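Guided by the hints, dock chain B onto chain A, whose structure is given.
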Amino acid sequence: MNVKALTTAALLAGTAAIVPMAAYAAAGDTLKTVQARGELNCTSGDGNFQGFFEIDDKGKWHGIDIDYCRAVGIAIFGSDEKVKLIPISWAQRFPSLQSGDLDLVIKATGWTMSRDTELGVQFSTPYFLGATQFMVHKELNAGSVKDLDGGTICTAGGTSTERLIADYIKANDYDIKLVSFEKNTEASAAYFANRCDSFAEWGPVLAARRASAPNPDEHAILPDVLAMEPEAAAMRQGDDAWVDLVNWVIAVGRIAEENGITSKNIDEQKANPKSATVAKLLGVTPGIGNRLGLSDDWAYNVIKVIGNAEEIYDRNVGKDSPYKLERGMNAPWQKGGVFVPPILD
Amino acid sequence: MSNVAIVSGEIPPPRHDTFLAAVRKGYFATPGAAAVTSVCLALIALAVWTVFRWAVLDAVWSSGGPDMCQQATGACWAVIAARWRLIFFGLYPYDEQWRSALACAAILATVVVSCFPFSWSAKRLPLVWIAGYGVFYGLMRGGFLGLPTVLETQWGGLSLTLFVFSTVVVTGMPIAVCLALLRRSRLPVIARTVAVLIDGIRSLPLVAILFTAAIIIPYALPHFLVGDKLYRVIAGFSLFFAVYQAEIIRGGMQALPAGQEEAAHALGLNYWQTMSRIVLPQAFRHALPPTINQVVITFMETSLIVIIGFFEVMASGNAAFSTAEWSATYVEVYVFVAAIYFAFTFTLSRYGAYLERRLNVARH
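Protein chains in written order, with UniProt numbering: chain A, 1 to 345; chain B, 1 to 364.
There's no promise every hint is true.
[As the list claims (entries may be wrong)] Heads up, incomplete: computed chain B residues facing chain A, CB under 10 Å, no partners named:
{"id": "1", "residue": "Arg83"}
{"id": "2", "residue": "Ala214"}
{"id": "3", "residue": "Phe310"}
{"id": "4", "residue": "Ala320"}
{"id": "5", "residue": "Ser322"}
{"id": "6", "residue": "Thr323"}
{"id": "7", "residue": "Trp326"}
The hints are simulated quantities; they were obtained by calculation from the structure and are not laboratory data.
All of these numbers come straight from a predicted model, not from anything done at the bench.
Ideal Cβ placement from N, Cα and C applies to all residues, glycine included.
With the rest of the complex left out, here is chain A (with noise of 0.2 Å):
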């Protein structure tokens, strides 16, 4: 983000000149290239985003972001032993999937125009929401960020967090001292010693911290949301019929979550479809495979490892997390959030 954000756009401009003619030589049939390799090729990180991706005592990846390369992978082959997690730094994840490095980007980005148009990337739909937020100390009773006008906020310096809520202030007209750090964890952890009112981060990143301050049940984050970042999977500019691939193993986890099945009960469900849907969704009636390229039950492998998209979010940053995030937009509509999946027919 913040040094990370100057040295990748310092980099990128470089590479700039040279990515747009490579970008279509390496684009085609990714899902045949793939097959034919035996391993999809997908991003972990050059360190831990928590809750997306985190590497554990034992040296594994866990996080949302790599449990959809793992379904990506499960979709293709049926197990994620095939799935090689690479670890790429933010700067490189761009210039790798031009070179063909990687077939597929799922690394907390955002999905934006520049990106879209400019860098030969096309996104897939967005599988989480992200919001800038604020974290502020329960005993000042600040119920928004109107409550902390005249105090101050933490946060860390050069990022786009600052600028949005140096914006959000003036735009508003609050009166409240911004605070800047080199990192989050410094930011942080004057926000820890009382040196600010309040810490703004994304509300991931707040969850987070908030897990391993001392006293957790100390600190409350605001519902004010300053900005909403769509995080999608990046791919080649090129490929729709990896990119409807990609966009489908998001879409039957929601779908899988409409209709109640999780990896727990779902050899039952299929056993007994109780809708035309959910037969098609778990390969009892054909049709959700040859449509991509894939065999039938790939959608039933994929929710029977990874689980609907509830079991995902609350794994790794909801409530059977650390992080404990609320799911708040992150649901489906039914539940109160903005996603709806495409109908399955």
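Chain B alone, transformed into the frame defined by chain A:
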């Protein structure tokens, strides 16, 4: 004292102050000096005590886990106990990490062996390194004798840092010597071209070179020439090291009196004999302090390879604390990683001091 000597007409024996007397004279001579000394001592004691209390007395050691650390006021060394394998081995598969440890030991042994004067011959040194790298590569990569293959993208931690560092220095040094000799060539075309090359590469940032090696080279070269990202990056890194080192060696050569080379010619030595027996050994002696400096800097700079997605020891350290349980323990992890770096660079600089002493003995 001098009066006494004059009176008695004898030279008094040299007087050594006792330790206490020396301290009194040096630090407590006047009330002002005494005050300054006391204040400084108190500050140092306070700092040492604070660090000691944080690092030892109030610290949470291995057992207990993150919950106990949240309550503790001191250091949380439990994070090291829980995550040390990640710091040392990065993403290397958990069950195979003994191989990474052995490979690390192999590289270290190679470095140590080649640091002894015994191995300094044109035959022994390459042999030692080929053997060392053979063992390292075999262990890390596997794929024979039932060892599962571990690709370079999964290498990480300390063994990756050591591998990158030693390869950069070992391949960069001969290139540096060649560049230094070429730059002093009597043919202006060669000397100028090499000068432009050296100055050109020196004016590029290392990060840009690494990024180019990792990302842009695959576009420019035919596929069979590309090779693994790790080796491209090491190649770029050694070139960067070589151009700096070439200038250091050239500096060492220019410190030599011209008479040395002229005398060699007068004796009938040809170019190679002059260089290998007369010029370069003396140039290296002059260039030793900046060379050690450059090597230490290179060791530190290996952490830059994180920019293209390698889990060297610093990046692994970052990954070790940035999880939900441990994210408050970054100071402890950084202290631990700093201790690793310190152990290596301090050893390197002590070795440099040893070399200087040895070479000086040879001179007198």
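For this session: Would you settle whether the hint for Thr323 (chain B) is holds or violated, based on the nearest Cβ-Cβ distance to chain A being less than 10 Å?
Result: At 5 Å from the nearest chain A Cβ, Thr323 (chain B) passes the 10 Å test, so the hint holds.
Exercise. Does Phe310 (chain B) pass the interface check with chain A, least Cβ-Cβ distance below 10 Å?
Worked result: 7 Å, holds
Problem set entry | Cut-off 10 Å, beta-carbon criterion: hint that Ala214 (chain B) touches chain A | 7 Å, holds
Problem set entry | Hint check: 10 Å Cβ-Cβ cutoff, Ser322 (chain B) to chain A | Because about 4 Å separates Ser322 (chain B) from the closest Cβ in chain A, which is inside the 10 Å limit, the hint holds.
For this session: Closer than 10 Å between Cβ atoms is the bar; does Trp326 (chain B) clear it against chain A? Give me holds or violated.
Result: 7 Å, holds
Exercise. Taking 10 Å as the limit, does the beta-carbon of Arg83 (chain B) come near enough to a beta-carbon in chain A?
Worked result: With a closest approach of 6 Å, the Arg83 (chain B) hint holds.
For this session: With a cut-off of 10 Å on the beta carbons, see whether Ala320 (chain B) makes it to chain A.
Result: OK, holds: Ala320 (chain B) within 10 Å of chain A, min 8 Å.
The earlier numbered hints are all upheld by this structure, with none contradicted.
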